[in-house]
Amino acid sequence: MKFLSEYRDPALAQALARRIRETATRQWTLMEVCGGQTHTIVRQGLDELLAGAVEMIHGPGCPVCVTPLEQIDRAVALATRDDVIFTSFGDMLRVPGSDCDLQQVRARGGQVRIVYSPLDALTIAERHPDKQVVFFAVGFETTAPANAMAVWQARMRGIRNFSVLVSHVTVPPAMEAILSAPDNRVQGFLAAGHVCAVMGWTEYEPIAARYRVPIVVTGFEPLDLLEGMLLCVEQLERGTHEVVNQYARAVTREGNAPAMRLIREVFELKDRQWRGIGTIPMSGLGLRPAYAEFDAERRFALEDIVASEPVECRAGAVLTGQLKPHQCPMFGTACTPERPMGAPMVSSEGACAAYYNYGRFRTARAAATAGAGT
Amino acid sequence: MCLGIPGQVVELRDGGLVPSGVVDFGGARREVCLAYTPDVGVGDYVVVHVGFAITKVDEAEAKRTYDALAAMHELGELEAMREADATLADLDALPSKVGPGIVA
Ligand code: SF4
Numbered sequence: 019m020k021f022l023s024e025y026r027d028p029a030l031a032q033a034l035a036r037r038i039r040e041t042a043t044r045q046w047t048l049m050e051v052c053g054g055q056t057h058t059i060v061r062q063g064l065d066e067l068l069a070g071a072v073e074m075i076h077g078p079g080c081p082v083c084v085t086p087l088e089q090i091d092r093a094v095a096l097a098t099r100d101d102v103i104f105t106s107f108g109d110m111l112r113v114p115g116s117d118c119d120l121q122q123v124r125a126r127g128g129q130v131r132i133v134y135s136p137l138d139a140l141t142i143a144e145r146h147p148d149k150q151v152v153f154f155a156v157g158f159e160t161t162a163p164a165n166a167m168a169v170w171q172a173r174m175r176g177i178r179n180f181s182v183l184v185s186h187v188t189v190p191p192a193m194e195a196i197l198s199a200p201d202n203r204v205q206g207f208l209a210a211g212h213v214c215a216v217m218g219w220t221e222y223e224p225i226a227a228r229y230r231v232p233i234v235v236t237g238f239e240p241l242d243l244l245e246g247m248l249l250c251v252e253q254l255e256r257g258t259h260e261v262v263n264q265y266a267r268a269v270t271r272e273g274n275a276p277a278m279r280l281i282r283e284v285f286e287l288k289d290r291q292w293r294g295i296g297t298i299p300m301s302g303l304g305l306r307p308a309y310a311e312f313d314a315e316r317r318f319a320l321e322d323i324v325a326s327e328p329v330e331c332r333a334g335a336v337l338t339g340q341l342k343p344h345q346c347p348m349f350g351t352a353c354t355p356e357r358p359m360g361a362p363m364v365s366s367e368g369a370c371a372a373y374y375n376y377g378r379f380r381t382a383r384a385a386a387t388a389g390a391g392t
Numbered sequence: 004m005c006l007g008i009p010g011q012v013v014e015l016r017d018g019g020l021v022p023s024g025v026v027d028f029g030g031a032r033r034e035v036c037l038a039y040t041p042d043v044g045v046g047d048y049v050v051v052h053v054g055f056a057i058t059k060v061d062e063a064e065a066k067r068t069y070d071a072l073a074a075m076h077e078l079g080e081l082e083a084m085r086e087a088d089a090t091l092a093d094l095d096a097l098p099s100k101v102g103p104g105i106v107a
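Read top to bottom, the protein sequences are chains R and C.
Here the first sequence stands for residues 19 to 392, numbered as in our numbering.
Here the second sequence stands for residues 4 to 107, numbered as in our numbering.
Hints are computed from structural coordinates only; laboratory data are not their basis.
Where is the CB? At the ideal position from N, CA and C, for every residue including glycine.
Treat the hints with care, since some could be wrong.
To give a feel for the contact side, a few chain C residues facing chain R, derived at Cβ under 10 angstroms [claimed, not checked]: (1) 32; (2) 54; (3) 55; (4) 71; (5) 74; (6) 85.
Produce the entire structure from the sequences given, and follow the hints as far as they go.
Quick look at the structure:
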């Protein structure tokens, strides 16, 4: 199997997989929330390896995937302006907007710049006081401390030509939305280690108790994921539902206190729209009134730009586990990484692209052909 | 987007608004904000994400993570750093395109 040759400790991985299969008296349905973990699971074929014991549903944890179409359209509108240098993490450039993506704006001469850190955007703003520099502040709890710092520093240093287009989402409300859906299938969660390095896991404790689901904070390597699955399956078999930390090497229960402090200083909880899922109450972050002057939506009056998502794209069903990517009728035909229809096909961390890139496309085709023959 | 990359702090810089330092990632070096790991010193290992150290790790964990990222071809964070540095250099090199006001 592919993952044996690619991973450096195949014996240990095999042993963990065997223990999962021995422990499970039935097939359990788990969700990994993080897109990085989705990527590893599909790439290494962990889900196929554990078929019959564990079914993995790929959750909404890819910020590129869940940024709503509307925010992409707003980004495109900003990037098209002559007075704006639009800055973004590289992943966002190919996310399709209603008419085009940021990469196309750049190809047509728009000032779209890829930065590594939001502080780079601040540097650009400082060096170009005659321009408006906007940073596309997207992501989960992992990027929130960085984006909060950029805004805080802009105010402290009086950099007034800087603003942020915010599309920040947080993990726990999305988990709750999935668990409380009437057709929910998720029985246990692997929570993302790097998200928890920032926020800790205290917020997961009431969710585990309320919905009676085990939640295992898990790293992103294949061995971490297998161990996380085992810890989850053990709890399901025992009937317990606690938050357990597989990733003690980098995560503590309280998380990163100074980072959380600055996030709370700059941002407040806000309803957020998730691409393909819709609005989840209090599921994201927006700037506090004290920092409103750095809000690009306000500065450039972007509220009028609204967009509705294409009905053919089943991203919502994919991101909530109702549908596997290859079950979407557009998968691999009308929708490919070269011409993505929906965000989960854009980023390599998106479930649709992961399935496409790692051969599930062929599996889907073969299954479809076989199905058509019978 | 959410995976960080481990590196070793090789220099501390003060005088800024918040603490920062230089972190070495298997040979590549970059200035990193240390505001969220205020207790780190030269020689310590940190996981860095979009220019910020978010957690301190021990040397063994740093190495393990780095190797795993390399094995999985997931050193995107490093590529993003390189690309971004090119962006900044590019903006500096083309003052006429973006107007005056450049300070070194
Ligand atoms: S395959 Fe394409 S159209 Fe279908 S859900 Fe995924 S992104 Fe949307």
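Hint by hint, here is what the structure shows:
1. Because the closest C-beta pair between residue 32 (chain C) and chain R is about 13 angstroms apart, greater than 10 angstroms, the hint is violated.
2. Contact between residue 54 (chain C) and chain R, as hinted, is supported at the beta carbon level, the nearest pair being about 3 angstroms apart and thus within 10 angstroms.
3. Taking 10 angstroms as the C-beta cut-off, the interface hint given for residue 55 (chain C) holds, the closest approach to chain R being about 5 angstroms.
4. The beta carbon of residue 71 (chain C) is positioned within 10 angstroms of a beta carbon in chain R (closest approach about 4 angstroms), and the interface hint is therefore held.
5. Hint status for residue 74 (chain C): holds, given a least beta-carbon distance of 6 angstroms to chain R, under 10 angstroms.
6. Restraint check, residue 85 (chain C) versus chain R: the minimum CB separation of about 8 angstroms is within 10 angstroms; hint holds.
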